[in-house]
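There are 2 protein chains.
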Amino acid sequence: MDRQLSFWGWGWQDRFPDEATRKGLAMMAGAMIPGAQLAIRPPPQLEQLRLPPVRVDVPERLAAFTGAEPRERAAHSYGRGFPDLLRGFLGDFSAAPDLVARPRDEADIEATLDWAAGARVAVIPYGGGTSVVGGVEGGAVAGSYRGVLSLDVRALDRVVEVDPVSRAARIQAGATGPGLEEQLAVHGFSLRHYPQSFEFSTLGGWIATRAGGHFATLYTHIDDLVESVRMLTPIGPWESRRLPGSGAGPSPDRLVLGSEGTLGVITEAWMRLQPRPRWRASASVRFRDFGPAVAAVRELSQSGLHPSNCRLLDAREAMLHRVTTDGRCVLLLGFESADHPLEPWIERALAIAAAHGGDCPGPKVADEGERTGAAGEAGAWRDAFFEMPYLFNALVSMGAVVDTFETACTWDRFDTLHQAVTAAVMDALQRVCGGGMLSCRFTHVYPDGPAPYYTFIAGGRDGAQREQWAEIKQAASDALAAAGGTITHHHAVGRLHRRWYDRERPEPFAVALRVTKRAVDPAGILNPGVLIDPLAV
Amino acid sequence: MDRQLSFWGWGWQDRFPDEATRKGLAMMAGAMIPGAQLAIRPPPQLEQLRLPPVRVDVPERLAAFTGAEPRERAAHSYGRGFPDLLRGFLGDFSAAPDLVARPRDEADIEATLDWAAGARVAVIPYGGGTSVVGGVEGGAVAGSYRGVLSLDVRALDRVVEVDPVSRAARIQAGATGPGLEEQLAVHGFSLRHYPQSFEFSTLGGWIATRAGGHFATLYTHIDDLVESVRMLTPIGPWESRRLPGSGAGPSPDRLVLGSEGTLGVITEAWMRLQPRPRWRASASVRFRDFGPAVAAVRELSQSGLHPSNCRLLDAREAMLHRVTTDGRCVLLLGFESADHPLEPWIERALAIAAAHGGDCPGPKVADEGERTGAAGEAGAWRDAFFEMPYLFNALVSMGAVVDTFETACTWDRFDTLHQAVTAAVMDALQRVCGGGMLSCRFTHVYPDGPAPYYTFIAGGRDGAQREQWAEIKQAASDALAAAGGTITHHHAVGRLHRRWYDRERPEPFAVALRVTKRAVDPAGILNPGVLIDPLAV
Numbered sequence: 001m002d003r004q005l006s007f008w009g010w011g012w013q014d015r016f017p018d019e020a021t022r023k024g025l026a027m028m029a030g031a032m033i034p035g036a037q038l039a040i041r042p043p044p045q046l047e048q049l050r051l052p053p054v055r056v057d058v059p060e061r062l063a064a065f066t067g068a069e070p071r072e073r074a075a076h077s078y079g080r081g082f083p084d085l086l087r088g089f090l091g092d093f094s095a096a097p098d099l100v101a102r103p104r105d106e107a108d109i110e111a112t113l114d115w116a117a118g119a120r121v122a123v124i125p126y127g128g129g130t131s132v133v134g135g136v137e138g139g140a141v142a143g144s145y146r147g148v149l150s151l152d153v154r155a156l157d158r159v160v161e162v163d164p165v166s167r168a169a170r171i172q173a174g175a176t177g178p179g180l181e182e183q184l185a186v187h188g189f190s191l192r193h194y195p196q197s198f199e200f201s202t203l204g205g206w207i208a209t210r211a212g213g214h215f216a217t218l219y220t221h222i223d224d225l226v227e228s229v230r231m232l233t234p235i236g237p238w239e240s241r242r243l244p245g246s247g248a249g250p251s252p253d254r255l256v257l258g259s260e261g262t263l264g265v266i267t268e269a270w271m272r273l274q275p276r277p278r279w280r281a282s283a284s285v286r287f288r289d290f291g292p293a294v295a296a297v298r299e300l301s302q303s304g305l306h307p308s309n310c311r312l313l314d315a316r317e318a319m320l321h322r323v324t325t326d327g328r329c330v331l332l333l334g335f336e337s338a339d340h341p342l343e344p345w346i347e348r349a350l351a352i353a354a355a356h357g358g359d360c361p362g363p364k365v366a367d368e369g370e371r372t373g374a375a376g377e378a379g380a381w382r383d384a385f386f387e388m389p390y391l392f393n394a395l396v397s398m399g400a401v402v403d404t405f406e407t408a409c410t411w412d413r414f415d416t417l418h419q420a421v422t423a424a425v426m427d428a429l430q431r432v433c434g435g436g437m438l439s440c441r442f443t444h445v446y447p448d449g450p451a452p453y454y455t456f457i458a459g460g461r462d463g464a465q466r467e468q469w470a471e472i473k474q475a476a477s478d479a480l481a482a483a484g485g486t487i488t489h490h491h492a493v494g495r496l497h498r499r500w501y502d503r504e505r506p507e508p509f510a511v512a513l514r515v516t517k518r519a520v521d522p523a524g525i526l527n528p529g530v531l532i533d534p535l536a537v
Numbered sequence: 001m002d003r004q005l006s007f008w009g010w011g012w013q014d015r016f017p018d019e020a021t022r023k024g025l026a027m028m029a030g031a032m033i034p035g036a037q038l039a040i041r042p043p044p045q046l047e048q049l050r051l052p053p054v055r056v057d058v059p060e061r062l063a064a065f066t067g068a069e070p071r072e073r074a075a076h077s078y079g080r081g082f083p084d085l086l087r088g089f090l091g092d093f094s095a096a097p098d099l100v101a102r103p104r105d106e107a108d109i110e111a112t113l114d115w116a117a118g119a120r121v122a123v124i125p126y127g128g129g130t131s132v133v134g135g136v137e138g139g140a141v142a143g144s145y146r147g148v149l150s151l152d153v154r155a156l157d158r159v160v161e162v163d164p165v166s167r168a169a170r171i172q173a174g175a176t177g178p179g180l181e182e183q184l185a186v187h188g189f190s191l192r193h194y195p196q197s198f199e200f201s202t203l204g205g206w207i208a209t210r211a212g213g214h215f216a217t218l219y220t221h222i223d224d225l226v227e228s229v230r231m232l233t234p235i236g237p238w239e240s241r242r243l244p245g246s247g248a249g250p251s252p253d254r255l256v257l258g259s260e261g262t263l264g265v266i267t268e269a270w271m272r273l274q275p276r277p278r279w280r281a282s283a284s285v286r287f288r289d290f291g292p293a294v295a296a297v298r299e300l301s302q303s304g305l306h307p308s309n310c311r312l313l314d315a316r317e318a319m320l321h322r323v324t325t326d327g328r329c330v331l332l333l334g335f336e337s338a339d340h341p342l343e344p345w346i347e348r349a350l351a352i353a354a355a356h357g358g359d360c361p362g363p364k365v366a367d368e369g370e371r372t373g374a375a376g377e378a379g380a381w382r383d384a385f386f387e388m389p390y391l392f393n394a395l396v397s398m399g400a401v402v403d404t405f406e407t408a409c410t411w412d413r414f415d416t417l418h419q420a421v422t423a424a425v426m427d428a429l430q431r432v433c434g435g436g437m438l439s440c441r442f443t444h445v446y447p448d449g450p451a452p453y454y455t456f457i458a459g460g461r462d463g464a465q466r467e468q469w470a471e472i473k474q475a476a477s478d479a480l481a482a483a484g485g486t487i488t489h490h491h492a493v494g495r496l497h498r499r500w501y502d503r504e505r506p507e508p509f510a511v512a513l514r515v516t517k518r519a520v521d522p523a524g525i526l527n528p529g530v531l532i533d534p535l536a537v
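Note that the protein sequences, when read in sequence, are chains A and B. No gaps in the numbering here: position 178 of the first sequence is 178 in my numbering, and each next residue is one more. No gaps in the numbering here: position 469 of the second sequence is 469 in my numbering, and each next residue is one more.
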C-alpha cells in the first residue's frame, strides 16, 4: 500500500479536501456557527516541519526495527485531539519522540523495554495514534528522561487463533479494526467493536483506554469483550487465563483495562466474538423536545430489551450528522441477532418511545442480505459518524476551535448536569470565541444512567486557538466534575484529563496505582505522566 | 429475636434436625451413597467447646462494642465449609478469635483499625460468616500477631438512600439478603441477588468475595450490580463516585471486588436495583444425556436471549435437589421482566432446547400475582437449593465427608475438564472413602463458557474426615487447574484455595496486590494470609 496516513491530521492524507472544497465548507460552516469567521489556510508541508534534534542514538540492538526519520517522528508526536491537529497543522512538532520503534514480535518489545530502562528513555506505547486526550504524547516529560521512544506495535496485527466453539479469538494488539474484522470474517465472526476511530485504532489501544464501541447497551466498553489479556511489563509478562468468568480475587484484567500504557505493553488478547447478525430491526424516532426523548431512553435502558443501538441525538447533533434538519431530536434504535427475528423487541421498544411522544413511521425489519438496518437515517448517521474526524481536519484548517467531550452520570443527575454543562460551555464559547455551537448525543446508555457526548465548534483567532480551546475545555470539565459526571466515559484520561481524574478517583486507589507502577516498571519509563506523576529516575 | 444462629453449623440452631429425623436421613443417605456407613452423633454442647485462652484484653476505647464471650468467639471462629462444620461439630474451636467487635458505625470501625494497627492484632472483617473457603478464619496466622479480632459489621444493616430514577440504593455492608430486600420492597425494588447463603450473608461479604447470584446470564456476579463502593482502609476511605459506567483509568471498584477483606472494610455501596418482575416465563426441559443438554445450554448462552435462569442439573443433581428422579438431566429455564410479556423469549429458548433433543411439556407463563414461575420443578429446585446447607449440617453429624466446588472454563474445554474432574474425584472418593457420589450443575453460563458446580458426598472414618476431605479437595482442585478452569467462579479464594490461586493469577498482578496491600494496610493487620502472604509486622 502506498496510501499514506496524514502526518499531522486524522486518517488518510488523500482524504484532506482540496482548496475549493474547503472554501465551500468554510462558507457553509461559517453561516451555521454563530460568531465564526472561517477562512482556509494551506496545510503544512513535510519540509517545513519544526522538529527538535534527536537526543539519543538508535541503539544497535534495536536498530533492525528502530529509526529517527523526521516523518516517522512527526507522525508519532501527537494523538488526534484538537491541540494535536492544531500543532500539527502549524508544523509545530516540538513534542516529537526521539526514536520510533516498530517491533516485529514480543522479543523486540522486551529488548526495547530492557534497553530503555537502562538508558533512561521514556517509552510511549503506540497503536493507532488516535488518542484525543494526549495519551501518546511523550515530549512533555522529556526533561526528566534522556529521550523518548514511541513504540509502535502495528506490525503485531494478526488473528492468531480462533475458537469457534467458545466464540473467541486470540488477536495481536496491533491489529486495527478493519484488519482484525477482515481476518475474523473468514471464520464467520466479528468483534463488532466500532469506535469512531475504528479504521485506524488498534485492539491494544482499545484495551489500554477502555474504548467504547458499537453496542449502546450491555457490551458498552471493550472491557466486556476481553476474555484474557497478555501484557509485557518490565518485570515480566502479565497474562491471565482464558476464562468466561471468575471470582478468584480481584480481576487481574481489570487493572490492565484502562492502564493506558503505564504498566506494560499489551501484546495480545483473547476476545469474545459475535457471529454476523442475520436479523436486524431498526427505527428512527423523532421527538419535538429533548426532555421526553431522554425519558424514553431511560425507560428503554431499564426495559431489559438491550438494543444494540440506542443513540439519542439532540437537534443540532442530528443536523451535524445529516440525519434530520427539521429541528427535532432523533433516537436511532436498533436490534440485531444471529439467532432470532426481532419484531417483538423493536415493537416493544417503539411502544415505549411512542408513550413518551416519539414519532416513528414504523420500523425497518430485515433478514440476512437486505441490510436495510443501516440504510436511511441510521445509515446517514453511520457514514457521518466515521467522517466526522475528517471534518475536524478541515475545520482546523479554517482556524476553527472544535472538540468533543463525553461523560456518564446517573439518571437522577442528568438534567442538572446537562443544564450546567450547556450553560458553562455556551458561556465560555461566547466569552472566548464570540459564540459557537454545542450539540449533545447519548453514545451508550445503562439502566442507571446515560453517557452523554458533546461536540462544540466555534471560530478561533489565529495564534490564540489553543488557549481558546483550553478555556472551553476547562469550563466543560469543571462543570462535569461539579455535577458528578466522570471526566471520561470512553476517551480515556491521557494527559488532558489528569487534573479532573485525580479528583475523581479514590485516593487509596491512586496510591495503589502508584505503588503498582513502581513495582512493575521500576525505572518509570512507561508513558510517564499518564494516570500518575512520572517517577524520579 | 431470641432465635439463635448455630455456633457450629449452618444457619438457625432450631433447624438442626432431631435425633429421629437424622436417623431416618442417615438410613436414606447411606443407601444412596456407595460405600457409606452413616450413623448419627450427638451435636456439640456449648459447655464442652474447647477454646484457646484470650491473649489480648478488650481495649477501653473499643469496650462499648467489643467482647470476648466464649459463644461469640466460637461463632466467629470459622466459616461454613466442610472443615469448619467438622471442627465445629467436634467442639474444636482452636482457631477462635480473641475478641469479637460489633461496630455500630464507621467511627467504631476506624477506631478498631487504628487500635489494631498499633497493638499488632489481626482484624478479620466478618459479615454473615458463611465463607466456605476459610475466608473469615483468623486463628491460623495468630502466631505472627499478638491476637486476632473478628470485626462483625452486621449492625450496619440499613438501606440508607434510594434513587428510584436511576434505580439504585445506598446500602450498608452488614445488611443481609432478607434484611435489604425487606427495606427495598417498601420502595418497590429488589436487588435480586440470591446466593445460596442469601439468608445470612451480607452485602459487604458479597462484594468482598465477588459472590455469584440469581441471574444465570448477564449479571452473574455482584460485580455487575455495584455502582460505587465505600471501603475504610487503614490509610483512609476508598470511595468511588456513583457512575453508571466510566473509562477513567482502571476501575477502582474492581480492585475492591474480590479483595476479601485484605485491603479494607467495606461499609456501604450504591447498588443497582431491579423492579419486581411482573411477567415470568419458565420451563423445565429434560434430556436423556448430559452432552446434548450441554450443547443446548451453549447455544442458549450464545443466543442473546439472556434468560434469568438457565440451570442445567445432571441426573444426580436433579435427584439431590428433588427435581426429578427419572435419571434424566433437567434444564431449568426462566425469563422475568417488569417491562414486557415473555412468550417470544421462552418460545425461542425452548425451540433451541428441542433442537438438541430436549423434552418439555410446554412453558409456564405467568402475569403478576400468579407466581407459577417458581412452582413445580423450579420451585422444588429453589426450596432444595436453600435447604442444602442444612442437609450438610446433618450429613456432618453422621460422619459423612461432603463438599461442593465450582469453576468456570471456556466451552471448548468443558468436555475435557468435566471428564478429568469426574475421573479424579471419583477415583479419590473410591480410594479415600471406598466410594461416594458426585453431581454437577451449571450455576451460571456465558457466551464463552459455563460455570460448572460440583457436589460430592461420601462416608467418612471418624477422626480421619478432615484428611479424607483434604485429599478429595486436592484431587478436584488439581484437576480443575490442569484443565484450565478457574479455582473458583464465585466461592472466593480464602485460605483454602490459595495454592491454586497463586498458580492461576499473573505474577505481576500478585506483585500489584502485595504492594497495594503494603501501602493501604501498612501494619498488615487485615485478614492476613488471604490472597497474599501475611506481611511481617
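Hints in this document: simulated from the structure, not taken from any laboratory. Be aware that one or more of the hints could be misleading.
What follows is a list of derived Cβ distance ranges for each label pair [stated by the list, open to error]:
#, chain 1, residue 1, chain 2, residue 2, range
1, A, 34, B, 186, 45 to 53 Å
2, B, 146, A, 218, 47 to 55 Å
3, B, 218, A, 384, 28 to 36 Å
4, A, 430, B, 235, 42 to 50 Å
5, A, 499, B, 292, 54 to 62 Å
6, A, 37, B, 235, 21 to 29 Å
7, A, 158, B, 186, 54 to 62 Å
8, B, 224, A, 34, 55 to 63 Å
9, A, 218, B, 158, 25 to 33 Å
10, B, 158, A, 34, 36 to 44 Å
11, B, 292, A, 164, 15 to 23 Å
Quick caveat: nothing in here was measured; it's all calculated off a predicted structure. Beta carbons: idealized from backbone N, C-alpha and C, even for Gly.
Checked hints:
no. : hint                        : result
1   : 34(A) / 186(B): 45 to 53 Å  : holds (51 Å)
2   : 146(B) / 218(A): 47 to 55 Å : holds (50 Å)
3   : 218(B) / 384(A): 28 to 36 Å : holds (32 Å)
4   : 430(A) / 235(B): 42 to 50 Å : holds (45 Å)
5   : 499(A) / 292(B): 54 to 62 Å : holds (58 Å)
6   : 37(A) / 235(B): 21 to 29 Å  : violated (54 Å)
7   : 158(A) / 186(B): 54 to 62 Å : holds (56 Å)
8   : 224(B) / 34(A): 55 to 63 Å  : violated (44 Å)
9   : 218(A) / 158(B): 25 to 33 Å : holds (31 Å)
10  : 158(B) / 34(A): 36 to 44 Å  : violated (52 Å)
11  : 292(B) / 164(A): 15 to 23 Å : holds (19 Å)
Hints 6, 8, 10, counting from the list given before, are not met by this structure.
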